[in-house]
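Just need the whole structure built from these sequences, with the hints factored in.
These protein sequence lines map, in sequence, to chains A and B. The numbers in the working numbering rise by one with no breaks, and the one at position 64 of the first sequence is 64. The numbers in the working numbering rise by one with no breaks, and the one at position 249 of the second sequence is 249.
In case anyone wonders, no lab produced these hints; they're calculated from the structure. We put the CB at the ideal spot given by N, CA and C, even for glycine. Don't take each hint at face value.
[Stated by the list, open to error] Which bits of chain A does chain B cover? Going by a derived footprint, with three or more residues having C-beta under 8 Å, they are:
no.: 1; segment: 58-68
no.: 2; segment: 84-93
[Stated by the list, open to error] For lysine to aspartate or glutamate, the following EDC-like pairs were computed, each having C-alpha atoms within a straight-line distance of at most 20 Å:
no.: 3; chain 1: B; residue 1: K155; chain 2: A; residue 2: D79
no.: 4; chain 1: B; residue 1: K327; chain 2: A; residue 2: D79
no.: 5; chain 1: B; residue 1: K327; chain 2: A; residue 2: D13
no.: 6; chain 1: B; residue 1: K194; chain 2: A; residue 2: D13
no.: 7; chain 1: A; residue 1: K65; chain 2: B; residue 2: D332
no.: 8; chain 1: B; residue 1: K327; chain 2: A; residue 2: E62
no.: 9; chain 1: B; residue 1: K315; chain 2: A; residue 2: E4
no.: 10; chain 1: B; residue 1: K576; chain 2: B; residue 2: D299
no.: 11; chain 1: A; residue 1: K65; chain 2: B; residue 2: D321
no.: 12; chain 1: B; residue 1: K194; chain 2: A; residue 2: E62
[As the list claims (entries may be wrong)] Residues from chain B that keep clear of chain A, each with C-beta distances beyond 12 Å, as calculated:
no.: 13; residue: T133
no.: 14; residue: P138
no.: 15; residue: R195
no.: 16; residue: E308
no.: 17; residue: E539
Below are the chains, spelled out letter by letter.
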Amino acid sequence: MTTEQRTFAVLVDNEPGVLARVVGLFAGRGYNISSLTVTEVDHAQGLSRITLETSGTPVVLEHVKNLLYRLVPVHSVADLTSYGPAVRREMALIKVCGVDKQRVESLRIADIFKAEVVDAGMEHFIFQISGEPEEIDRFVELMRQLGMVDISRTGVAAISRGAEVALK
Amino acid sequence: MQSAQADKSEQKLLDEPRCGARIIIDCLQEQGVDVIFGYPGGAVLPLYDEIFKQNEIRHVLVRHEQAAVHAAEGYARSTGRVGVVLVTSGPGATNAVTGLTDALMDSIPVVCLTGQVPSYMIGNDAFQEADTTGITRPCSKHNYLVDQVDQLSEKMHEAFDVARNGRPGPVVIDLPKDVQMAETRVYKTKDQVKRRSFQVVTQPAVEGIEAAIAALSTAKRPIIYAGGGVINSGPQAAMALRQFADMTGMPVTQTLMALGAFPASHKSFLGMLGMHGTYEANLAMYNCDVMLNIGARFDDRITGKLDEFSPNSIKIHCDIDPSSINKSVMVDIPVIGDAGEILNALIAAWKSGGHALDAGAQKKWWAQIDAWRSRDCLAFNQDSGDAEIRPQHAIARLNAAVKGKDVYISTEVGQHQMWAAQYLEFEEPNRWLTSGGLGTMGYGLPAAVGAQVAHPDSLCIDVAGEASILMNIQELSTVMQYRLPVKVFILNNQWMGMVRQWQELLHGERYSESYTDSLPDFVKLAEAFGGKGIRVTKESELDQAIADMIAYDGPVVVDCCVVRNENCFPMIPSGKPHYDMILNDEDKRAKPIEGSGRNMV
Ligand SMILES: Cc1ncc(C[n+]2csc(CCOP(=O)(O)OP(=O)(O)O)c2C)c(N)n1
Ligand SMILES: [Mg+2]
Numbered sequence: 001m002t003t004e005q006r007t008f009a010v011l012v013d014n015e016p017g018v019l020a021r022v023v024g025l026f027a028g029r030g031y032n033i034s035s036l037t038v039t040e041v042d043h044a045q046g047l048s049r050i051t052l053e054t055s056g057t058p059v060v061l062e063h064v065k066n067l068l069y070r071l072v073p074v075h076s077v078a079d080l081t082s083y084g085p086a087v088r089r090e091m092a093l094i095k096v097c098g099v100d101k102q103r104v105e106s107l108r109i110a111d112i113f114k115a116e117v118v119d120a121g122m123e124h125f126i127f128q129i130s131g132e133p134e135e136i137d138r139f140v141e142l143m144r145q146l147g148m149v150d151i152s153r154t155g156v157a158a159i160s161r162g163a164e165v166a167l168k
Numbered sequence: 001m002q003s004a005q006a007d008k009s010e011q012k013l014l015d016e017p018r019c020g021a022r023i024i025i026d027c028l029q030e031q032g033v034d035v036i037f038g039y040p041g042g043a044v045l046p047l048y049d050e051i052f053k054q055n056e057i058r059h060v061l062v063r064h065e066q067a068a069v070h071a072a073e074g075y076a077r078s079t080g081r082v083g084v085v086l087v088t089s090g091p092g093a094t095n096a097v098t099g100l101t102d103a104l105m106d107s108i109p110v111v112c113l114t115g116q117v118p119s120y121m122i123g124n125d126a127f128q129e130a131d132t133t134g135i136t137r138p139c140s141k142h143n144y145l146v147d148q149v150d151q152l153s154e155k156m157h158e159a160f161d162v163a164r165n166g167r168p169g170p171v172v173i174d175l176p177k178d179v180q181m182a183e184t185r186v187y188k189t190k191d192q193v194k195r196r197s198f199q200v201v202t203q204p205a206v207e208g209i210e211a212a213i214a215a216l217s218t219a220k221r222p223i224i225y226a227g228g229g230v231i232n233s234g235p236q237a238a239m240a241l242r243q244f245a246d247m248t249g250m251p252v253t254q255t256l257m258a259l260g261a262f263p264a265s266h267k268s269f270l271g272m273l274g275m276h277g278t279y280e281a282n283l284a285m286y287n288c289d290v291m292l293n294i295g296a297r298f299d300d301r302i303t304g305k306l307d308e309f310s311p312n313s314i315k316i317h318c319d320i321d322p323s324s325i326n327k328s329v330m331v332d333i334p335v336i337g338d339a340g341e342i343l344n345a346l347i348a349a350w351k352s353g354g355h356a357l358d359a360g361a362q363k364k365w366w367a368q369i370d371a372w373r374s375r376d377c378l379a380f381n382q383d384s385g386d387a388e389i390r391p392q393h394a395i396a397r398l399n400a401a402v403k404g405k406d407v408y409i410s411t412e413v414g415q416h417q418m419w420a421a422q423y424l425e426f427e428e429p430n431r432w433l434t435s436g437g438l439g440t441m442g443y444g445l446p447a448a449v450g451a452q453v454a455h456p457d458s459l460c461i462d463v464a465g466e467a468s469i470l471m472n473i474q475e476l477s478t479v480m481q482y483r484l485p486v487k488v489f490i491l492n493n494q495w496m497g498m499v500r501q502w503q504e505l506l507h508g509e510r511y512s513e514s515y516t517d518s519l520p521d522f523v524k525l526a527e528a529f530g531g532k533g534i535r536v537t538k539e540s541e542l543d544q545a546i547a548d549m550i551a552y553d554g555p556v557v558v559d560c561c562v563v564r565n566e567n568c569f570p571m572i573p574s575g576k577p578h579y580d581m582i583l584n585d586e587d588k589r590a591k592p593i594e595g596s597g598r599n600m601v
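Here it is in C-alpha cells:
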C-alpha cells in the first residue's frame with residue numbers, strides 16, 4: 001500500500017504529561033512524527049492544540065487517529081488532510097554567514113522569498129521566513145549554498161480551509 | 001485545570017482540614033471500596049497510618065506487588081467492580097508493572113495507588129525513587145502525579161471514573177509523601193467531578209444497528225463471535241446475548257476472555273474459537289456469511305492468518321473502543337457502544353422488524369455445523385486404574401466435580417490454561433479468570449486470592465502448571481494469613497508444556513530449557529505454608545483427590561501428576577488459516593509446519 005502524509009490537529013487538556021502521551025503513542029509503535037507544534041490556544045479552558053504531521057498507509061493512519069482519541073486528555077482529533085488541502089504554515093529563522101557576493105546574493109534571494117532580515121552584522125544575517133513548509137525547504141536549500149550555519153524551524157501550524165471547523 | 005471548573009463556586013470546604021492520606025481514604029469510601037490489595041513501604045506510611053485508624057476498608061497484605069495487582073484483577077473480574085491496589089514507591093511501583101500491563105491488555109478496571117518520594121525530591125535520584133508516571137504511561141489507561149493536596153479528591157474520583165468507564169483499564173495515581181501529609185479543606189465529592197475530555201459513547205448509533213440487522217436478517221450462515229466486552233458490560237449483557245441468540249437461532253462462539261458470557265451447555269454454543277478453539281467454531285468462522293463480533297477485538301490468537309480470516313463474510317464489529325475498529329481486520333459495519341446496549345438495540349430492532357432467518361438455509365447451516373461437531377475434536381482416550389492421568393481427563397473430572405457449584409476458576413498460563421478453557425463449562429459470566437492478552441504466568445494464584453476475598457463462601461480454584469505456580473507461589477502465605485480456602489490444582493507435567501509443544505512442532509524437537517529440573521515437592525510445600533497437600537498419580541485416585549480438595553475447609557494444593565508429553569489440540573499454528581487445524585498427534589505428523597509461522601508468536 002502507498003504511504004500518505006497527514007496533518008492531524010489534536011485538542012488536549014494542557015496538563016503535565018499530555019505531550020509525552022501523544023509522542024509515546026507514536027514512538028512505542030515505531031511510527032514517525034515529521035513535524036510537531038504545541039501551544040495553549042484557550043487559556044481560560046486550559047486547552048492546547050497539537051499539530052502533527054506523520055506518514056503511513058491509510059490503514060495505519062486511521063488507526064493512529066483512533067489511538068490518539070483513546071488518550072484520556074484528548075478532546076478531539078481531526079485529520080486536516082481529509083478536509084481538502086489544509087492551510088499549513090511554518091516559520092523559520094536562518095543564520096547565514098558570508099562576505100561580499102554571497103551576502104548580496106542571500107539578500108536578493110531573501111527578497112524574492114519575502115524573508116525578513118531580523119538581525120544583521122558585518123559577517124552575518126538572520127532571516128525570518130514564514131510560509132508553506134515546502135517553500136521554506138526551497139529557501140533553506142538556496143541558503144545552504146550561500147553560507148547557512150544555523151536554522152531553527154517552528155514546525156507546522158495548520159487549519160482546515162473554508163468555513164467549517166474541523167476540530168470540534 | 002480541566003474538569004469541573006464550573007461548579008467550583010458550589011464546592012464546600014471541609015470544616016476541619018484533613019491530611020492527604022485521609023482524603024484518599026475518604027475518596028475510597030465514597031467510591032464504595034471495601035478492600036485494598038497492598039504492600040507497605042516508606043513512601044506510603046501516611047496512608048497505612050490512615051488505614052490503621054479506620055475499619056470500613058479492609059487491607060489484604062500480599063507478598064509481592066505483582067500479586068497485589070493480579071488479586072485486584074481477580075476481585076474486579078469476579079465482581080464487576082474496580083479493584084484497588086496500594087504499593088510503595090520505586091520497587092513497589094516497578095513490581096506492579098506486570099500486573100498493570102495485564103489489566104490493560106484484558107481491559108480490567110483497577111486503580112493503583114503508588115507512593116512517591118516527596119515532591120521536592122522528585123528528580124533527585126532519591127532513595128526508592130522511580131519515574132512511576134513515566135514507566136506506567138504505556139501500561140496504564142491513564143495516570144496521575146498529584147503534586148497538590150487540593151487536587152487530590154478530584155484526581156481520585158476521576159481515576160475511578162476513567163478506570164471503570166468506556167473500555168475499562170488500570171489507572172495509576174502517584175502520591176508524593178508530602179502530599180499525603182499536607183493538609184487541606186478542599187474535598188470534591190464524586191458528583192462534582194466530571195472530566196470533559198473523557199466522553200464515552202455507550203449508546204450505539206441507529207444507522208449502525210439498522211445496517212447490522214439488515215445484514216443479520218438476510219444471513220444464510222450467521223455466527224455470533226462474543227468477546228470479553230460482553231463480560232465487562234455486566235451480567236445483563238450476557239442475558240441479552242443469550243436472548244438474541246435464542247430469538248435468532250444463531251450459533252455462538254466465544255473468545256478465551258468471554259467464556260461464561262454464553263452458557264456452555266446451550267445447544268447453540270460451538271465452544272471457544274481461535275488457536276486452541278474447537279474444530280466447529282473455527283470452521284464456522286471461516287465459512288460464515290455474516291459475522292457479529294460483539295465485544296471482541298480480532299486478536300491474533302483468534303484470527304490466525306489474517307488474509308484468510310473468514311474471507312467471505314460481512315463483518316459487523318461492535319466495540320466500545322473506536323480504536324479497535326479496523327485495527328487488524330477490515331470490517332463492513334462498525335457499531336460503537338456498550339455491548340449490552342448494542343445487544344438490547346439489536347433485540348429491539350429484530351423484534352420490531354419481525355425478522356426471522358431463512359429456515360431452509362438455517363437447516364443446512366446447522367447440518368453443516370453438526371457434521372463438524374461430529375469430529376468430536378476434544379475427544380481423548382483415558383485408560384483407567386493405575387494408568388497415568390491425561391491432563392484433559394483431569395480437567396474434565398474437575399469440571400464434573402464442580403458442576404452446579406458456586407465456583408470461580410482462575411488459571412496460570414500454558415497448556416493447562418487451554419485445557420481448562422476447553423474442558424471447563426461455564427454457565428455464567430465473571431466465573432472465569434484468566435490472563436488472555438498478556439498471558440502472564442503467575443496470574444492465577446493471586447487472582448484466586450482476589451476472587452476468594454470478594455466471595456468468601458465460594459469455591460475458588462487456580463488451575464495451574466507446575467512452572468507457572470512457582471512465579472507467585474509466595475501468595476500461599478497471603479492465603480494462610482486470611483484463611484482463604486483457595487485451591488490450587490496443578491497439572492504437573494514437569495515441562496513448560498506449552499513451550500515444549502512449540503519446540504516439538506516448530507523447532508525440530510529441540511527442547512531448549514523447557515524442562516524444569518529440581519521441582520519442589522508440592523505437597524510438602526503446601527504443608528510448609530500451613531495448607532494441605534494432595535498428590536495424585538493414577539486415574540483411579542483422581543476423583544477422590546478432587547473430592548478431598550473441595551471438601552477440605554482451607555487451602556489445598558493438589559499435585560496432579562499427568563502425562564508429560566501431551567500436546568494441546570486442536571491447534572492452529574501461528575500464521576495458519578482457520579481450516580488448517582492440527583487435531584491430534586497423527587494429524588501433526590501429516591502436517592509438518594514449515595518456515596513462515598516460526599516468525600510469529
Ligand atoms: C511471565 C511469563 N514468562 C514466560 C512465559 C512464556 N510461557 C508461556 S507458557 C509457558 C510454560 C508454562 O509452563 P507450566 O506452567 O508448567 O504450564 P504447562 O504449559 O506445562 O501446562 C511459558 C514459559 C509467559 N507466558 N509468562
Ligand atoms: Mg507444566
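Need the list of violated hint numbers for this structure, in ascending order.
2, 3, 5, 9, 12, 13, 14 and 15
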